[in-house]
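**Q** Take a look at the letters that make up each chain.
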Amino acid sequence: MNDVIETQNLTREFDGLVAVDHIDLSVKEGEVFGFLGPNGAGKTTTIRMLCTILDPSSGWAKVCGYDVARQRNEVRECIGIVFQDSCIDKFLTGRENLKFHAQMYHMDKKTREERMDEVLSLLDLKGKENTVISNLSGGTQRKFEVARGFMTHPKVLFLDEPTLGLDIQTRRSLWDYIQMLNYREGTTIILTTHYIEEADYLCNRVAIMDHGKIMAIDEPNKLKEAVGVNLISLRIGNGDDSIVNSLKGVSGVKRAEAHAGAVELNIDGGEERIPELIDFADERGFPISSIDLRPPSLEDAFLHYTGRDIREEEGNLMELWKGVMMRRRGRK
Amino acid sequence: MQRIEATKLIDPLPVYTMWLREMKRFLRVKGRLISSILMPLLFLAFLGLPLSSISAIGIKGIPEGINYLDFLAPGIVGMTLLFTATMSGVSVVWDKEFGFLKEVLVAPVNRFSIILGRSLGGMTTAIIQALIIMAIAIAMGVTISGLSGFLLSIVFMILTCATFTGFGLILATKLGSTEAFMAIMPLIVFPIFFLSGALFPLDSMPAGIRYMMYIDPLTYGVDGLRGSLVGAAAFPLWLDFTVLLILSIVLAGLGAYLFSKMEAD
Chain A
5 MNDVIETQNL TREFDGLVAV DHIDLSVKEG EVFGFLGPNG AGKTTTIRML
55 CTILDPSSGW AKVCGYDVAR QRNEVRECIG IVFQDSCIDK FLTGRENLKF
105 HAQMYHMDKK TREERMDEVL SLLDLKGKEN TVISNLSGGT QRKFEVARGF
155 MTHPKVLFLD EPTLGLDIQT RRSLWDYIQM LNYREGTTII LTTHYIEEAD
205 YLCNRVAIMD HGKIMAIDEP NKLKEAVGVN LISLRIGNGD DSIVNSLKGV
255 SGVKRAEAHA GAVELNIDGG EERIPELIDF ADERGFPISS IDLRPPSLED
305 AFLHYTGRDI REEEGNLMEL WKGVMMRRRG RK
Chain B
3 MQRIEATKLI DPLPVYTMWL REMKRFLRVK GRLISSILMP LLFLAFLGLP
53 LSSISAIGIK GIPEGINYLD FLAPGIVGMT LLFTATMSGV SVVWDKEFGF
103 LKEVLVAPVN RFSIILGRSL GGMTTAIIQA LIIMAIAIAM GVTISGLSGF
153 LLSIVFMILT CATFTGFGLI LATKLGSTEA FMAIMPLIVF PIFFLSGALF
203 PLDSMPAGIR YMMYIDPLTY GVDGLRGSLV GAAAFPLWLD FTVLLILSIV
253 LAGLGAYLFS KMEAD
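Protein chains in written order, with this note's numbering: chain A, 5 to 336; chain B, 3 to 267.
Just so you know, these hints were derived from the structure itself, not from any lab. Note that the structure is predicted; figures quoted are calculated from it, not measured. Hints are supplied without guarantee of correctness; some may be wrong.
Said to hold, decoys possible - Restricting the straight-line Cα-Cα distance to at most 30 Å, the calculated cross-link-like pairs of lysine-lysine (DSBU-like) are: (1) A:K66 x B:K26; (2) A:K114 x B:K263; (3) A:K32 x A:K94; (4) A:K132 x B:K104; (5) B:K32 x A:K94; (6) B:K26 x A:K130; (7) A:K32 x A:K66; (8) B:K26 x A:K132; (9) B:K176 x A:K94; (10) A:K113 x B:K26; (11) A:K130 x B:K263; (12) A:K94 x A:K130; (13) A:K113 x A:K130; (14) B:K176 x A:K113; (15) A:K217 x A:K66; (16) B:K263 x B:K26; (17) A:K66 x A:K226; (18) A:K32 x A:K226; (19) B:K176 x A:K114; (20) B:K62 x B:K176; (21) B:K10 x B:K176; (22) A:K94 x A:K113; (23) B:K10 x A:K66; (24) B:K32 x B:K104.
Here chain B stands alone, though its shape is the one from the complex (with noise of 0.2 Å):
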């Protein structure tokens, strides 16, 4: 048998393999892609449309001439993004308890090649998620600035997923059981979503909680999304891509280097 070269940090076929993996089983798994779907759906469906009727005005930080289901819609897709990857890094490290990728820690690869291609995997998910609810915001009446703004918008993507990849990675690396898990889970989650400003503006929420809101990842995400997409960002497009580029970084790296120093069992 050929010389594997095991020690290479990114070892291409290794991380293609459980990209593919992942999406195999993505696309085998129907009712997955149905119930990650839905509740955003829901926002949309029984937040947004009733309240783009009434005048946004009404709304202090949303500027004039958007209603509010084109600010609302970006910020349901950063919800999308938050629930798939976190759950996405979570589950890297159950699969490596109790699914294929304990068999796939005792190949002769680097660890990072692994971690990667399966993270690559969960994000690609998470953003085919994200296109999806965002094609139902467009059909539900959202008009999105263009096509420069939808592929900036895919950058923000990228960034705002691998920070929560990261961030589910360092988590479920650190919390150990899965019991522990499922009960914290929602009390991390929930409030990271409701911080961001994905449902409100961060203008019209009093200073002790917008100092909440600067510190929260997916508020820069949200912003970004709703800049590129809407041309409704609270603070300039440079300022979030800069704070996410350097979250994703340090959160997606430390997940990682975490991921690889636990023994496989």
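So that you can see chain A by itself, here it is in the shape it has in the complex (with noise of 0.2 Å):
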């Protein structure tokens, strides 16, 4: 398997502000890889790179063997983008957005009418062609967009927070297709996501990315590892920090930390070692009142290598919303 895209100390700063930082990587074709970090982490600016839209300050990436600076033409054919802000014609219909998109990209007549039935049979929108984009529910645009993104047969398509805003059902029902478009046509599919669960459930390899370094590139499961294979999390009725420094005595504990009024322990082994860590924390005068055994997840492993946790900075979604607004103004 070739990489389709490869990138060497990618770097790119605003006034100073240094937005992706030396960031290395390269991607299988037909994989499905994601970058998992909070707002701000350089996610967006590093697929803008990639997408030829903005030029790195530093260091270079390709992208299907083309240099995404110098060779933009030829690296705008291969790939399809879905923006993070939606950027479909709202007073057209979708089949109208459809075809103006692959006009632009020079497909005959037939080849789109051709396409145009495949991507909305796929991404069943057949029935909502006609209806002007505005009048779809969100999730519907949405599809619209992705259905655009896959009408030139990209290499790769790339996806900004692709279900950013959107509810829980819809969210999934998107997964499940970009996964179909991606084991159906082969398309590669790069996306940022800041939700675990999407990296989790979509991605074959996540880049964990803070503060624009990318802290780990594995698989999903491989990243888990790292964390442990078990974790228990240990509420104690007045723990203190004591309680944390010598619990890292037992044996086998490889972690202890007290997070979110509980103390988090990364453990070999499971539930045998549960009995033997009541009497510990009796012993010393520490009753515990309740005890959690749980395979780690990815949020874990984003934890133990970033240091913190990705839903402190995710925020409600009124400050969420206020920071697009923010954005939206800041611009130029």
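Assembling the complex is the task here: the two chains are given apart, and the hints tell you how they should meet.
**A** Here is the structure:
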């Protein structure tokens, strides 16, 4: 398998602020590859460089073997993009949007009509293509954007926060469509997300990004394994730092940390360790009020690699919306 | 997939696509047409009609035999072109940031073709609106001098449109934020309108103001329209034509150049 995307020391600065900081990565043909990180981690900036919208400040990136700064048109021919902010023409119908897109890519009429049929039925959009976009639901509008991205048989499709602002059911169904398109057409998919579940469910490999740097790249399972086999979370009645420190001395404990009111242990073994831990805490006068044993999630992996919780950054929807508005206003 | 010649400066299919898209949007958003026709209509109805009843000899610079409504109508057509074309140039930049143009800019197509198609679309809609205003003026009693004059006026409309579309593009690429633009737009567009002689002849103004009117591009557009439609031009028509031709090439060219130099985001 060939590398469809390759970067070396890819960097982008905005007036002294380093948004993307020397990233190296390669993505193989047919992969679903995700950039996971909080808002402001540099995911979108990375994608924009890969899509030839933004030039790198230093370093280089190649998409389908072409340099993104020097061979823009060659790169543009082999990619499709679904932007974070919707940019489908709301005054036109879905069909008109797809048609105009295809014409911009010089598709002839016959190929275009066949392809449109194909894409519409793949995404279950048949019957909705003649409705003006603004009269469709947010999820369906988004699906038309994905459909448009697929119109031109791109080798690589970029999806920037594809499910931002959609409800859970719509999000899940969109994931299934994306996976199916990847499977049926062999299209490499590069997506950015700050939804843990999205990265976990969709991606073959995930790059954990924070502050413009890639902290880790691997398959979701491998990233989780790096955290440990099992995580035990203890709620201790009157716990303080001393119990955390003494728990670190227990055999097989790789990591002990107070987190969100509980002590989180990364420990070898599973349930069989629980009685031992209860005894241990009892002996030191710290009664355990609850115990939870679970395999690590991608969220734990994120915490492990970045030292912080992705959800702390995510904030509530209102703040997110404000952020979007601020960005729009601040843009030139 | 066939090899795309993305480096071609003028690429017919994308130019046509962008134009068609503009036309479809124009026809679909009904409110836009009504609101853009309302103001010129008010000028004609509440300024032109009442003043047409008094003798035009009272206004210095209006030739005998031309009543005020005849004099005003080409000016209002010019105003429509000014507002619509400037806005069309500006909205190209907005569309690039918030709208569908963002998606178009990552297509393997030369930027000049994109901007050309988009601007031609905007110009077409501006001229359609100007023609509607003209029809309204004729219905109010304005008599135009004939078919050749009408055809000549379309040439002036195209040149005026190209000039101000380019002007709008330059403004928007230089001003950046939309808020700044909303605040500054009336400060720029209204003086251009009032200094163009659309409402009153140049000769009726004091000398100091007249010199400012000479550097206003719209002066030549309005004068050309007036000459071709009702035969009351202040300058020779070849002068209006030459000035506008040069201005439209310079401004539209500079606008397209600045636009293609901008990064897509």
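**Q** Now, for every hint given, state plainly whether the structure supports it.
**A** Taking the hints in turn, this is what the structure says about them:
Only pairs whose Cα atoms come within 30 Å are accepted, and K66 (chain A) paired with K26 (chain B) is rejected, the gap being roughly 38 Å. Only pairs whose Cα atoms come within 30 Å are accepted, and K114 (chain A) paired with K263 (chain B) is rejected, the gap being roughly 35 Å. Proposed proximity of K32 (chain A) and K94 (chain A) is contradicted: the alpha carbons are some 35 Å apart, above 30 Å. The hinted pair formed by K132 (chain A) and K104 (chain B) meets the criterion: a straight-line CA distance of about 24 Å does not exceed 30 Å.
For the suggested pair K32 (chain B) and K94 (chain A), the alpha carbons sit about 14 Å apart, so the restraint of at most 30 Å is met. Proposed proximity of K26 (chain B) and K130 (chain A) is supported: the alpha carbons are some 22 Å apart, at most 30 Å. The suggested pairing of K32 (chain A) with K66 (chain A) holds, with an alpha-carbon distance near 12 Å, which does not exceed 30 Å. Under the criterion of a C-alpha separation no larger than 30 Å, the hint pairing K26 (chain B) with K132 (chain A) is consistent with the structure, at around 19 Å.
Of the pairs offered as hints, the one joining K176 (chain B) and K94 (chain A) holds, with about 27 Å between alpha carbons and a cut-off of 30 Å not exceeded. With a CA separation close to 19 Å, the supplied pair K113 (chain A) and K26 (chain B) stays within the 30 Å bound. Under the criterion of a C-alpha separation no larger than 30 Å, the hint pairing K130 (chain A) with K263 (chain B) is inconsistent with the structure, at around 40 Å. Only pairs whose Cα atoms come within 30 Å are accepted, and K94 (chain A) paired with K130 (chain A) is accepted, the gap being roughly 18 Å.
Note on K113 (chain A) and K130 (chain A): the hinted pairing holds, with a Cα-Cα distance of about 19 Å set against a maximum of 30 Å. For the hint linking K176 (chain B) to K113 (chain A), the alpha-carbon distance of about 39 Å lies beyond 30 Å, and the restraint is violated. Simply put, K217 (chain A) and K66 (chain A) have alpha-carbon atoms about 18 Å apart, close enough for the 30 Å limit, and the pair holds. Using a Cα cut-off of 30 Å, the hinted pair K263 (chain B) and K26 (chain B) holds, with the two alpha carbons roughly 28 Å apart.
Only pairs whose Cα atoms come within 30 Å are accepted, and K66 (chain A) paired with K226 (chain A) is accepted, the gap being roughly 26 Å. The hinted pair formed by K32 (chain A) and K226 (chain A) meets the criterion: a straight-line CA distance of about 18 Å does not exceed 30 Å. A distance of roughly 42 Å separates the Cα atoms of K176 (chain B) and K114 (chain A); the hinted pair therefore is violated under the 30 Å criterion. Of the supplied pair hints, the one linking K62 (chain B) and K176 (chain B) is violated, its CA atoms being roughly 39 Å apart against a limit of 30 Å.
Restraint check for K10 (chain B) and K176 (chain B): satisfied, since their Cα atoms lie roughly 27 Å apart, inside the 30 Å limit. Note on K94 (chain A) and K113 (chain A): the hinted pairing holds, with a Cα-Cα distance of about 23 Å set against a maximum of 30 Å. Distance restraint check for K10 (chain B) and K66 (chain A): the Cα-Cα separation of roughly 24 Å lies within the 30 Å cut-off, and the hinted pair is therefore satisfied. Annotation: proposed proximity of K32 (chain B) to K104 (chain B) holds, straight-line Cα distance about 24 Å (limit 30 Å).
In summary, the structure is inconsistent with hints 1, 2, 3, 11, 14, 19 and 20 from the numbered list given earlier, while agreeing with the others.
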